[in-house]
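*Asks:* Chains as they are written, first to last, in this note's numbering: chain A, 1 to 123; chain B, 1 to 452.
FYI, nobody ran anything at the bench for these hints, they're computed from the structure.
Every value quoted in this text rests on a predicted model; they were computed, and no experiment measured them.
Don't take each hint at face value.
What the hints assert, rightly or not - Among chain B residues calculated to face chain A with C-beta under 8 Å, some are: (1) Gly3; (2) Thr7; (3) Ile63; (4) Arg64; (5) Val87; (6) Gln144; (7) Ala147; (8) Trp305; (9) Lys368; (10) Lys395; (11) Lys399.
As the list claims (entries may be wrong) - Here are the simulated lysine-lysine pairs, DSS-like style, with alpha carbons at most 27 Å apart: (12) A:Lys105 - B:Lys86; (13) A:Lys66 - B:Lys120; (14) B:Lys72 - A:Lys66; (15) B:Lys180 - A:Lys58; (16) A:Lys111 - B:Lys395.
Unchecked claim - Here are the computed distance ranges between Cβ atoms for each label pair: (17) A:Lys111 - B:Gly401: 31 to 41 Å; (18) A:Lys81 - B:Gln79: 13 to 23 Å; (19) A:Asp74 - B:Asp101: 48 to 58 Å; (20) B:Ala382 - A:Thr88: 39 to 49 Å; (21) B:Asp411 - A:Asp74: 24 to 34 Å; (22) A:Lys111 - B:His218: 45 to 55 Å; (23) A:Val51 - B:Thr190: 26 to 36 Å; (24) B:Met24 - A:Thr88: 25 to 35 Å; (25) A:Thr29 - B:Asp105: 12 to 22 Å; (26) B:Gln79 - A:Asp74: 34 to 44 Å; (27) A:Ala90 - B:Gln75: 15 to 25 Å; (28) B:Val374 - A:Lys58: 24 to 34 Å; (29) B:Ala127 - A:Val28: 52 to 62 Å; (30) B:Ile393 - A:Lys111: 49 to 59 Å.
Think of the CB as a built atom: it goes at the ideal place given N, C-alpha and C, for glycine as much as any other residue.
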Amino acid sequence: MKRNTNWLLATGLLIGGLCAAGSATAQVTLEVMNPRGEIPPPPTIGINPRVPDLAGKKIVLVDNGKFGANNFLDVVAQMLKEKYPTATIAMYPKPAAQTITDMPKWYPTVKQQGDLFIFGVGD
Amino acid sequence: MPGVYFTTTEFLDDAKSAAKDRGMPGIRMIALPADTYYRSRASHEELQPIAAAAFSAMVDDLIRPLTADEAKPSQTQRQLESANIKVTGKDYQDAYQKVNDLFLDSHWGDGLPIVPPTPKLVKAMLAATSRSPQEVLGQAAPKQGTATVEKIAVNSVMAGAKPEYFPVILAAMDGFLDKKYDLTHVQASTGSFTPVVVVSGPLGKELGINSGIGMLGHGFRANSTIGRALRLSLLNIGQTWPQVNDMALTGRLESYTFFTFAEDEDKSPWEPYQVSLGYKPEESTVTVATSGNPLVLGGGAVAPWTGQGVIDQVVARISGGGGFGWFHSQTFVLVLIPDCAVDLHDHGYTRKSLQEYLYEKSRLPFEKLSPATVKLTQEAIADGRIRPENAQIFKDNLKPGGRVPIVQTPDDFHIFVAGGSPGYDLLFSYPGPNWAHQTKKITGATLTKAGH
């Protein structure tokens with residue numbers, strides 16, 4: 001009976017020791033794949049040079065069609081007229097059926113009308 | 001031409017992100033205070049102090065000389081997204097947790113735990129299709145990320161999708177990435193637009209995609225994980241994130257799995273949807289559409305209904321005002337429960353005649369249109385968005401006494417049969433500025449009988 005007990009004790013210690021050694025060294029590394037789409041960077045371009053002064057300039061206020069943008073631009077137009085009486089202010093309501101990504105369709109008209117533009121109000 | 005761009009504080013990050021995406025990171029922007037602008041914008045008087053506060057910055061942005069970086073910004077470098085990532089933990093559980101922390105902290109997930117996309121699992125996903133892992137399906141808005149079969153497989157593993165679902169996921173992505181589908185609007189809009197994904201044909205049944213009671217709910221792996229795979233693919237490949245460049249103000253209604261279900265062709269009295277488009281009965285398709293708030297119709301288990309009553313409810317709803325007047329791109333997905341479809345069939349309706357009925361009955365009296373809607377429609381005719389072959393009826397009716405169609409053709413009412421018995425009918429409508437509806441054939445399946 002005592003022999004059996006010793007044998008069981010020795011076996012238990014051996015298994016316990018193996019488990020302890022295993023848990024100390026058994027790190028797991030998971031290799032996973034990247035889920036993100038690679039973005040082809042677009043050609044980067046600078047913005048246009050500024051004007052030295054707004055006096056005497058033709059300024060186009062482009063209304064993007066969002067509710068209230070026309071009201072805001074009306075107020076801005078009035079302020080421009082008061083501060084720059086020699087400037088010409090034009091309002092241009094962007095065709096509402098065209099989104100901002102359709103810029104090539106509406107921007108030429110804006111460019112034709114003015115020297116600089118103010119766009120709003122983007123949400 | 002020098003310019004300056006007004007936005008609001010809540011949208012400044014979005015605007016900067018969009019400017020960078022389009023190669024013009026230097027655009028000068030002024031952010032109006034969102035907390036006062038939106039509630040003041042109806043009144044010139046209330047807008048006065050807001051404009052006054054922004055005025056000097058606006059003038060300065062128009063006259064201040066450019067910095068060297070604004071004049072010639074450095075070229076954005078391509079960020080490689082190809083290398084695998086190794087994450088080590090003290091045991092599997094720890095490594096799994098670290099992968100999830102990494103993905104969720106990096107905004108590569110939807111907020112729920114993901115299945116780590118190991119190369120072995122991705123390979124198993126790819127084995128479900130004969131399409132090449134390197135095949136490019138298109139560019140995903142808003143950042144125009146390149147969608148390859150392999151990238152979609154990675155996201156499908158993350159979603160917990162079974163490999164046999166993968167051909168459906170790919171075909172749906174074919175639809176989303178079609179240039180005629182306005183993914184930018186659907187991914188980024190302030191509206192709560194949510195994709196609708198409908199599988200038609202034998203593959204739906206073979207995969208066990210629920211089309212009965214609870215079809216939009218939880219508990220059905222195919223519905224849930226096909227939709228989630230699409231959610232994750234669009235999020236990670238198009239690179240969107242809420243409050244940055246996905247500006248859905250209340251989020252999207254079914255954001256985690258989209259509205260994903262199958263058509264019930266066994267109970268439909270009509271030919272399956274894909275057959276009505278010219279596909280063969282043995283072919284399977286997936287339709288991706290878009291919806292604002294869905295409308296629940298009929299009586300379910302609670303109240304009596306008739307097919308005609310349901311259709312009249314649809315007509316009343318869609319011709320009762322609302323929407324934005326984008327008739328050139330407006331589409332509807334009408335999902336009729338089988339009992340309702342049978343009732344309509346028994347009263348003589350075919351799918352085609354029902355589409356024509358809806359088209360005709362929903363036409364709006366010219367006098368009901370706002371000046372803005374009239375202008376929108378005229379612009380859409382002029383720039384070809386209302387296609388020349390459909391333009392005449394709009395031209396003829398954009399005048400007093402006219403009745404203006406709210407869609408281009410009867411085919412813009414897409415009618416599916418699905419749902420329980422009893423059940424509710426559903427109307428998904430999309431009043432967006434561009435088309436957002438596509439049907440694609442499911443091809444390349446290697447693990448299923450259908451979908452080859």
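*Asks:* Does the Cβ-Cβ separation between alanine 127 of chain B and valine 28 of chain A fall within 52 to 62 Å?
*Replies:* violated, 25 Å
*Asks:* Is the interface hint for glycine 3 of chain B satisfied, with its Cβ closer than 8 Å to some Cβ of chain A?
*Replies:* Because about 4 Å separates glycine 3 of chain B from the closest Cβ in chain A, which is inside the 8 Å limit, the hint holds.
*Asks:* Are lysine 81 of chain A and glutamine 79 of chain B spaced within 13 to 23 Å by their CB atoms?
*Replies:* At roughly 47 Å between Cβ atoms, glutamine 79 of chain B and lysine 81 of chain A fall outside 13 to 23 Å, so the hint is violated.
*Asks:* When you check the alpha-carbon spacing of lysine 72 of chain B and lysine 66 of chain A, does it fall within 27 Å?
*Replies:* Given that 27 Å is the threshold and the Cα spacing comes to 32 Å, the pair is violated.
*Asks:* Using the C-beta atoms of lysine 111 of chain A and histidine 218 of chain B, is the stated range 45 to 55 Å upheld?
*Replies:* Holds, at about 53 Å.
*Asks:* Does the beta carbon distance between glutamine 79 of chain B and aspartate 74 of chain A stay inside 34 to 44 Å, or does it fall outside?
*Replies:* holds, 43 Å
*Asks:* Is the hint on isoleucine 63 of chain B kept, meaning its closest Cβ partner in chain A is under 8 Å away?
*Replies:* holds, 5 Å
*Asks:* Does 39 to 49 Å hold as the CB distance between alanine 382 of chain B and threonine 88 of chain A, or does it fail?
*Replies:* violated, 27 Å
*Asks:* Classify the hint on glutamine 144 of chain B as holds or violated, based on whether any CB of chain A lies nearer than 8 Å to its CB.
*Replies:* Since the shortest Cβ distance to chain A is 6 Å, the answer is holds.
*Asks:* Against the 27 Å threshold, does the CA-CA distance of lysine 111 of chain A and lysine 395 of chain B hold or violate the hint?
*Replies:* At roughly 30 Å apart (the allowed maximum being 27 Å), lysine 395 of chain B and lysine 111 of chain A break the hint.
*Asks:* State, for the Cβ atoms of aspartate 411 of chain B and aspartate 74 of chain A, whether the hinted interval 24 to 34 Å holds or is violated.
*Replies:* Since aspartate 411 of chain B and aspartate 74 of chain A have Cβ atoms about 42 Å apart, the given range 24 to 34 Å is violated.
*Asks:* Confirm or reject the claim that threonine 29 of chain A and aspartate 105 of chain B have a C-beta distance inside 12 to 22 Å.
*Replies:* 19 Å Cβ-Cβ, so the 12 to 22 Å window holds.
Of the hints listed earlier, those the structure fails to meet are numbers 8, 9, 10, 11, 12, 13, 14, 15, 16, 18, 20, 21, 27, 29 and 30, in rising order.
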